[in-house]
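**Student:** Listed here are the chains, written in short residue letters.
2 protein chains.
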Amino acid sequence: MNEKIYLDNAATTYVSGEVLNEMLPCFSTIYGNASSLHNFGREAMGIVDRARDRIAKAINAKMSNEIYFTSGGTEANNWAIMGLALANRNKGNHIITTAIEHESVLASCKSLEQMGFEITYLPVDQYGLASLADLMHNIKTETILISMMSVNNEIGTIQNIKAIGKTAHEHGIIFHTDAVQAVGALKLDVQDMEIDAMTMSGHKIYGPKGIGALYIKNGIKINNLIYGGSQERNKRGGTINVPSIAGFGKAVEIATRDLAVNQQKIKTIRTYFLEQVNEKIPYVKLNGHPLQKVQGIVNLSFEMIDGESLLMLLDLDGIAVSTGSACTAGLAETSHVLQALGLGEELARGAIRFSFGKMISKEKVDFVIDKLVKSVAKLRKISPVTKTGGNKK
Amino acid sequence: MNEKIYLDNAATTYVSGEVLNEMLPCFSTIYGNASSLHNFGREAMGIVDRARDRIAKAINAKMSNEIYFTSGGTEANNWAIMGLALANRNKGNHIITTAIEHESVLASCKSLEQMGFEITYLPVDQYGLASLADLMHNIKTETILISMMSVNNEIGTIQNIKAIGKTAHEHGIIFHTDAVQAVGALKLDVQDMEIDAMTMSGHKIYGPKGIGALYIKNGIKINNLIYGGSQERNKRGGTINVPSIAGFGKAVEIATRDLAVNQQKIKTIRTYFLEQVNEKIPYVKLNGHPLQKVQGIVNLSFEMIDGESLLMLLDLDGIAVSTGSACTAGLAETSHVLQALGLGEELARGAIRFSFGKMISKEKVDFVIDKLVKSVAKLRKISPVTKTGGNKK
Chain A
1 MNEKIYLDNA
11 ATTYVSGEVL
21 NEMLPCFSTI
31 YGNASSLHNF
41 GREAMGIVDR
51 ARDRIAKAIN
61 AKMSNEIYFT
71 SGGTEANNWA
81 IMGLALANRN
91 KGNHIITTAI
101 EHESVLASCK
111 SLEQMGFEIT
121 YLPVDQYGLA
131 SLADLMHNIK
141 TETILISMMS
151 VNNEIGTIQN
161 IKAIGKTAHE
171 HGIIFHTDAV
181 QAVGALKLDV
191 QDMEIDAMTM
201 SGHKIYGPKG
211 IGALYIKNGI
221 KINNLIYGGS
231 QERNKRGGTI
241 NVPSIAGFGK
251 AVEIATRDLA
261 VNQQKIKTIR
271 TYFLEQVNEK
281 IPYVKLNGHP
291 LQKVQGIVNL
301 SFEMIDGESL
311 LMLLDLDGIA
321 VSTGSACTAG
331 LAETSHVLQA
341 LGLGEELARG
351 AIRFSFGKMI
361 SKEKVDFVID
371 KLVKSVAKLR
381 KISPVTKTGG
391 NKK
Chain B
1 MNEKIYLDNA
11 ATTYVSGEVL
21 NEMLPCFSTI
31 YGNASSLHNF
41 GREAMGIVDR
51 ARDRIAKAIN
61 AKMSNEIYFT
71 SGGTEANNWA
81 IMGLALANRN
91 KGNHIITTAI
101 EHESVLASCK
111 SLEQMGFEIT
121 YLPVDQYGLA
131 SLADLMHNIK
141 TETILISMMS
151 VNNEIGTIQN
161 IKAIGKTAHE
171 HGIIFHTDAV
181 QAVGALKLDV
191 QDMEIDAMTM
201 SGHKIYGPKG
211 IGALYIKNGI
221 KINNLIYGGS
231 QERNKRGGTI
241 NVPSIAGFGK
251 AVEIATRDLA
261 VNQQKIKTIR
271 TYFLEQVNEK
281 IPYVKLNGHP
291 LQKVQGIVNL
301 SFEMIDGESL
311 LMLLDLDGIA
321 VSTGSACTAG
331 LAETSHVLQA
341 LGLGEELARG
351 AIRFSFGKMI
361 SKEKVDFVID
371 KLVKSVAKLR
381 KISPVTKTGG
391 NKK
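Chains as they are written, first to last, in this note's numbering: chain A, 1 to 393; chain B, 1 to 393.
It is worth saying that the hints were derived from the structure and are not from the lab. None of the hints are false.
Pairs count within a copy or across copies, as identical chains cannot be separated in the list.
When the alpha-carbon atoms are kept at most 30 Å apart in a straight line, the in silico DSSO-like pairs for lysine-lysine are as follows:
1) Lys187 x Lys162
2) Lys217 x Lys110
3) Lys235 x Lys110
4) Lys374 x Lys285
5) Lys110 x Lys91
6) Lys265 x Lys285
7) Lys91 x Lys162
Could you put together the complete structure from these sequences and hints?
**Tutor:** Structure, rendered in structure tokens:
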């Protein structure tokens, strides 16, 4: 097999043909500024409106105008955390989040701490789940915002979003969720799940990079992050990115339409992959929740191995995997998510994330397993750590 | 002539074929996350590096790593104004800008005022030029930042950037310029012009929407606007937008390479257009500087006419123009730029911006003039204002 195998779909995906076809006319034909009053502008705005409708429908928003386009998930998370906190400061200065949020949420929280906000970072259990009792225990009269991700990007664990939303609202607290990894992987219904603000991104679901959205329920107060013209109902300045929005809208529509089929297919592959790993490679630990998880993300700790070395060996075989989030790839620190699960230094350093996309096949998995077995054996041979015990899985 | 004529290139341009060709492989072939360690990621980063080099070279930055990619000009302006102000607050809280800056600069300044900063909005003369004497007069020991646009987006007036940069540095003040309308229209040299931070955008120069950059001279302190992973040397979180960056880099390269040819061509067209207007339409005033201006932007006030009505009539003839900035199109207020020039309400309301692109031709101008003459006559016939005097131009 000479083809390269891409198992890093949680980092980013290719843009699908259907999505690209939606984008292409917007580069050179329907290229107007969507804010312009003339025909070129109105045509462009028509495309933006359609994309907004598609996304609103996919997440069961009440109104299309509750969808605000951003330059991606990171901007949407920054905007949600900082914009909601600052707009509601008169009600209190306490925010609850978890220890395993995406860097963009955690860094925004750190920035708020410097402005005098108090942040509670809830711990998670060994599977990556935050406890509802813990959440309730930490709610104070000053709590104005709860931000908890729907699906963790490194281990795939799904939080109890609906219960968290309900709890937040029983206490009059705004609930934001980073759903970047959830779109296309689980059914999202902002009304049923009692979500006030939700972050989405294009490039994890075969849409373009550089585009995302923040769902903001009508009536929720939020400050701007990016000021400018009157775009996005005065809430986000900047010329509207028509081609990317067109592609993003299509990508969300497709991901939602094909959710069940894709998840079933990936589940079969995942199961087969894990069976093969268990059968052929000793001393491997599966990180994340055994049941409450998305199918596409498989995070494994290979004992007595440095994950980055394994990544490099697999890369030589044309197989792309990651050691965790791409956003922090190459940094010396071990993953804050794996640390929060209570993994020791060795298991955290030996972690590899395999994230399957909808084009995965059993044939490709067989190739990966073959190379994985060889690379793991090779690295363990030269490993300074020798096994004297441990959990063989 | 059935073809539509687009004279709103200052609002946005189409993406040129050369640029699109640079982008296309990044959607479905070189689609990796540029932060990933594997081959897909390294290939993507190679493309980003090349774009960064191209832009650095075009503006004569000392180092490529002084170019930071953003989601566009608006984000770059927000980042520059707020990031520079907040990072240098220990030195003072006074900022100098002008009354005719882009909305993204003005709104960022307003936001800083709420945080306790003092902003001086320098007036401009009837041609849109800020005075250097005025600037010097307003510098205080607390002044930490001067932000003045290189080229105004509504009237095309070019500020004395080099002299402003020199003045700023003589007083130890950081100098930022919004050069969104300057790229491709005038030679930019950040070292020679003593620029510390400079905003650029893709979609005004036949590049994609949703991408821009902030040049930040090495050594200049700036806070983040968008927090997240370690992208852009920890200064701007978010998955790197590889296709748009590839296109942006190419667009800047082409715009810089073809600058002289394009400007000469547009100058000839502009001259012809203005001659025809002067010959065939009475009571028209040219807004902006007669000499110190970019060739592509022609802002005319048609007396006894509502600009928006003229825009609509021209639109019916397939001609796209604007009444000012697209960012505020449709708003009831008259342009803050035209107000700053001292134009009365009637002249401000009667203003139309014609912005020529590199594909303009004499034939198209003839068609536009013909329609313009008819539409102006038609509107003046039904106008409630009748002319009793005024400057016939």
